[in-house]
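Based on the sequences and whatever the hints tell you, model everything.
Mapping of the sequence shown onto the working numbering: residues 17 to 118, in sequence order.
Since the hints were made in silico from the structure, they are not lab data. Keep in mind the model is a prediction, meaning the values are calculated, not measured.
In silico DSSO-like pairs for lysine-lysine, Cα to Cα no more than 30 Å straight-line: (1) LYS73 <-> LYS94; (2) LYS94 <-> LYS35; (3) LYS73 <-> LYS35; (4) LYS32 <-> LYS73; (5) LYS73 <-> LYS91; (6) LYS35 <-> LYS82.
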Amino acid sequence: MRYDLNPVTGIMNVIKEHKITDLILGLHQKKSISSTFLGNLAEGILEQCNTTIFIYKANQPLSTVKRHLVVVPEKAEKEAGFALWLMRIWNIGRNTGAAIHF
17 MRYDLNPVTG
27 IMNVIKEHKI
37 TDLILGLHQK
47 KSISSTFLGN
57 LAEGILEQCN
67 TTIFIYKANQ
77 PLSTVKRHLV
87 VVPEKAEKEA
97 GFALWLMRIW
107 NIGRNTGAAI
117 HF
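The following block contains the structure:
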């Protein structure tokens, strides 16, 4: 069991301790009109984290997804970091067992 100042601090400490390189966050469900788009937790992590973060709007659990549809803009392959991004997307598909379609 661990205790931290708040959830953001706890997640940041785990990221550092375990040298996590990729993080998947679920997009929160808005509770009121004044809620932020991402939610306080995601915004706090984005402000403090240098890890690659994928934000997932969970209409269904990630483990039940059968296919990932990836939209890539024209000439994206010319951007710095494209190969790394592509490898991470491929790893998500491999680890979830879902097919990837571009």
